[in-house]
Amino acid sequence: MANPFSDQLRTEIVRWVRQGLISEEQQRAILALYPAQSTTGRERAVLIFSLLGSLLVGAGIILYFAANWPRIPAAAKVLSILVATLASYGAGYHFQYRRADMPLLGQALLFLGSLLYGAGIWLLAQIFHLDRDFPLGFLAWGAGILPLAWLTASRPLLYLVTGLLTVWTVTTQEVFEAYNWLFPALALSAVLPLARRTQTRLAESGLLLGLFLWYMLNVSRVEVEPYVMAGPLLVGRLVLLYGAVLFLVGLARLGDTKTYLGTGGLLGLFGLYLLTFRFYQEAPTLFQLDPYTLGGVTVMLACAAVAGWYHWRRGETLLLVPSAFVPVMAVLLPDMLAEAPRLVIFNLLLFGGTIGLVIVGIRQRLELLINLGLGAFLIHLVTRYFDLFFSAMNRSLFFILGGLLLLIGGWYLERNRRRWVGDWGGGNHGA
Amino acid sequence: MGRRFWLAVLVQVAILLSLVGIHGFTLMTGEPVLLKTAPVDPWDPLRGNYIDLTYQISGIVVDEVTLTGWPYREGQRVWVTLQKGQPYWTAVALSDQKPRTGPDQVALRGRVEWMASPTPGEPAERIWLRYGIEQFYIPEGQGDGLGGRQVDMEVEALVDSTGRAALRTVYLDGKPIDWR
Chain H
1 MANPFSDQLR
11 TEIVRWVRQG
21 LISEEQQRAI
31 LALYPAQSTT
41 GRERAVLIFS
51 LLGSLLVGAG
61 IILYFAANWP
71 RIPAAAKVLS
81 ILVATLASYG
91 AGYHFQYRRA
101 DMPLLGQALL
111 FLGSLLYGAG
121 IWLLAQIFHL
131 DRDFPLGFLA
141 WGAGILPLAW
151 LTASRPLLYL
161 VTGLLTVWTV
171 TTQEVFEAYN
181 WLFPALALSA
191 VLPLARRTQT
201 RLAESGLLLG
211 LFLWYMLNVS
221 RVEVEPYVMA
231 GPLLVGRLVL
241 LYGAVLFLVG
251 LARLGDTKTY
261 LGTGGLLGLF
271 GLYLLTFRFY
281 QEAPTLFQLD
291 PYTLGGVTVM
301 LACAAVAGWY
311 HWRRGETLLL
321 VPSAFVPVMA
331 VLLPDMLAEA
341 PRLVIFNLLL
351 FGGTIGLVIV
361 GIRQRLELLI
371 NLGLGAFLIH
381 LVTRYFDLFF
391 SAMNRSLFFI
401 LGGLLLLIGG
411 WYLERNRRRW
421 VGDWGGGNHG
431 A
Chain B
432 MGRRFWLAVL
442 VQVAILLSLV
452 GIHGFTLMTG
462 EPVLLKTAPV
472 DPWDPLRGNY
482 IDLTYQISGI
492 VVDEVTLTGW
502 PYREGQRVWV
512 TLQKGQPYWT
522 AVALSDQKPR
532 TGPDQVALRG
542 RVEWMASPTP
552 GEPAERIWLR
562 YGIEQFYIPE
572 GQGDGLGGRQ
582 VDMEVEALVD
592 STGRAALRTV
602 YLDGKPIDWR
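Top line first, the protein sequences correspond to chains H and B. All the letters of the first sequence, read from the start, carry residue numbers 1 to 431 under my numbering. All the letters of the second sequence, read from the start, carry residue numbers 432 to 611 under my numbering.
Keep in mind the hints are simulated off the structure, nothing from the lab. Just to be clear, a hint being listed does not mean it is correct.
Said to hold, decoys possible - Some, not all, of what chain B presents toward chain H, calculated at C-beta under 10 angstroms:
{"no.": "1", "residue": "450"}
{"no.": "2", "residue": "451"}
{"no.": "3", "residue": "457"}
{"no.": "4", "residue": "461"}
{"no.": "5", "residue": "562"}
{"no.": "6", "residue": "566"}
{"no.": "7", "residue": "568"}
For each residue, glycine too, the CB sits at the ideal point set by N, CA and C.
My request is simple: use the sequences and hints to build the entire structure.
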């Protein structure tokens, strides 16, 4: 929704600063009280077009220098990219803070400046013939724009930082076989607080996924042999546990509810889904859990305890009992069961988890969770339909029946989804 | 706001200049070494065309060098002692710490990329290393003549006092490559 007061304030406040009525610090504090509502179609379109324009210009400049024109001396190349970067930042600063009536253009130009800065790093890598294994380039790029992202509270810059640091840790861990403890330190101390401060759910979710990638790459590095042997089982378990931890953090209101319930629900169901497949499994044993799984269970139970304490204080129904119970069972059962009962039980657990996520979505008035649950239900249904009937049925009949099943299932689920969401009276959709 | 904004931008300028400083130091102070190579030519989306260089010292036979701190693991940083030869420099020792070098020797820093064993579980016979000088960037479209062909190439690299290396000149058939 457009907010005329907020729009008017943004125009007027620049005049107040110029007249010396308030300081720039006070200007920022006041604007923070009335965040810009960039959700109108027009504003969103302006931002998207401006950012796309910045991306195209940035990509063009990167490719121009990547062509490595030998007639341009290296010093001239470096100087031109530095000037272009500073000019872009200068223009961005002007439109964002001096002329506060064009903040979206200002954001796009700041974003372009950060792309040009990255182009400068890769240009130097080219001039000095640095090795293709140059993860440090992504760190220098991401960490370099982090102070600016903090200062300007710019969401596009935050997305860029999150993506670059994630690429950096993945390449560093792969290339150098390193634990890379700097990544979680940076992510938790600098990027996550910024995502919280700017209420950027997508960046926070991306960072949570980046942290999970970092964790999984370290697991694969330390215990190569057990990891390979128990690959799908261990991956399924850890994805599920990580998802459960995030979900419980969301239930305990320790983080943004929508971000943590959404990311946790998605990962939790994906982990359960992985465990519904056939894969190599050793003979059933009792409680031979690896240290990573045990660590994950411990963290998850701690989060469950905090969530329980939170709900108990408010006298609310304990949604967390099934939320904690399903992952614990999912972790313990595969080692205890042979393949056939495991497949049956995990299909049931996935079905239960899907229904549970929809119920949580209805109770918390989070449309995202309902959509996730219904999407997971359809994927589960299609997967099992393929597993069970693909080889047993005539192909044409198989696809016709499958299509009809999806159409009818989709119609039924959409009808119920509309009814559930409609019961909220069109108010809070958990945004 | 203005001052802090430009301070944040200055951080980026400082990072770019420090990259120039680190690699400029190697180029200005490094000891020149001549290495034998064989190329192929891939493409890097961020940096364009480059020749992928593999050196004689990229794959070191374990039995042919003196080893210190053996066994190594993949990803580990190691130092290779290079001995001046006629005309190429060759690896004479491998160490997990920076070694003392004698006359006509330099210590080159590398990273273990992978180790080749005759059968899984047995000790490695050959170690493959990367030194950070495996790419030579070239103007767009001009590496086509080299692609996949085993041509006679030599590289003059510079190795500084910290063991870091930088490419200075690539020679094709004995002549320095000049793309201009």
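Q) Holds or violated: residue 457(B) as interface residue toward chain H, Cβ cutoff 10 angstroms? A) With Cβ-Cβ at 8 angstroms, under 10 angstroms, it holds.
**Q.** Residue hint residue 450(B), partner chain H, criterion CB-CB below 10 angstroms
**A.** Nearest chain H Cβ about 5 angstroms off; hint holds.
(Q) Given a cut of 10 angstroms on the nearest C-beta pair, is the interface hint for residue 461(B) held or broken against chain H? (A) 12 angstroms, violated
(Q) Min Cβ distance, residue 566(B) to chain H: is it shorter than 10 angstroms? (A) 6 angstroms, holds
Q: Would you check whether residue 451(B) satisfies its interface hint, that is, whether its CB is within less than 10 angstroms of any CB in chain H?
A: 6 angstroms, holds
Q | Interface hint status, residue 568(B) versus chain H (Cβ within 10 angstroms) | A | OK, holds: residue 568(B) within 10 angstroms of chain H, min 5 angstroms.
Q) With 10 angstroms as the cut and Cβ atoms as the points, is residue 562(B) at the interface with chain H? A) 8 angstroms, holds
Violated hints amount to a single one, hint 4; each of the other numbered hints is respected by the structure.
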